[in-house]
Amino acid sequence: MAVKAFSSDWAKQFKDEVNKSSVYKSAGKGWKWTVGLVVEAEPDKNFPESRGVVMDLFDGEARDITVGPASDAQKCDFVITAPYTRWKQVAMKELDATKGMLQGKLKLKGDLPTIVRYTKASQEMTECTTRVAVEWPDER
Amino acid sequence: MHDPGRGRMARRKVETTAKESALVEYASQEPSAFAEMLGGLIEANVRANPNKRKDFDALVARVGIWVTDIDEGVTLVFDAGRLTVYNGLEPRRTITIRAEAETVMSLSNLKIGPLGLPVYYDEVGRSVALKLLRRKLQIDGLVPNIATLNRVTRIFSVQ
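Sequence lines, in order, name chains W and H.
So for the first sequence, our numbering puts the first residue at 973; every next one is plus one.
So for the second sequence, our numbering puts the first residue at 195; every next one is plus one.
For the record, the hints were derived by calculation from the structure and aren't laboratory data.
Check the hints yourself; a few may be wrong.
Derived coverage of chain H by chain W (criterion: at least 3 residues anywhere in the stretch with Cβ under 8 Å from a Cβ of chain W; other residues may be distant) [unchecked claim]:
| no. | region |
| --- | --- |
| 1 | 245-252 |
| 2 | 306-313 |
| 3 | 330-344 |
For the chain H half of the interface with chain W, some residues (derived, Cβ under 8 Å), not all of them [said to hold, decoys possible]:
| no. | residue |
| --- | --- |
| 4 | Leu217 |
| 5 | Ala295 |
| 6 | Glu296 |
| 7 | Val352 |
| 8 | Gln353 |
By construction, the Cβ of each residue, glycine as well, lies at the ideal position given by its N, Cα and C atoms.
Hey, can you work out the whole structure from these sequences and the hints?
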């Protein structure tokens, strides 16, 4: 069943997908930092307020993934920021996250060598988002 | 009241900051996201690792990197301890690397072996070597500049 985009139910399913992934388990070995995704508001897309996804990832496991205010996500060790539409494109495989970062469509804050070292893990995280069936607010 | 001791300390700190910030410069006032990412990556690597710093201080070369699937590129002008990053490809390049985004990221994940040479026999190395053979990774100027390429790879590598 589809869940509302960037809701608590979505976060729970996303976490389950990450923890089901053997690719992530292996590629994320040694990772010990929090990651925040800031989803910027786009009122004209029926996404009126920015939200933050806080991911507590540790050694190939998602210990917790929660959705709250954007300010929570901005406190994480690594922060990736983009408007709602961009994140939707990532989740629908219309935009590759690596390319998006190189093009500045997704803005990354954090230690670059660390995130580059875990490129495979971050690609698999993106794959996990695509496995969650989502009800998009601009399609209602 | 002005505290002379504190003033000296502050001045030393400013000098250090100024010296550190001079490692990487951007030719454009509006560097592309790719230029900032590569410049930031190299700067972080060089600051964190004395061996990479040695390579950086010795390297004089103009290295172009073109990402074929986003149609964007940069030119990295290394000048013995300074790097200037240009948006796009500038003329008179020593080496030009052309590859898709994923391959460019793989290059920075190449491990460096005990002799300072990139490792091409592990998973990442094999995939890079295969792409080179299949021309999905093209390096213009490779043959006469292998030592330069190895040095660039060492500076670029996050492993």
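**Asked** Hint by hint, which ones does this structure get wrong, listed from lowest number up?
**Response** Violated hints: 1, 2, 3, 4; rest satisfied.
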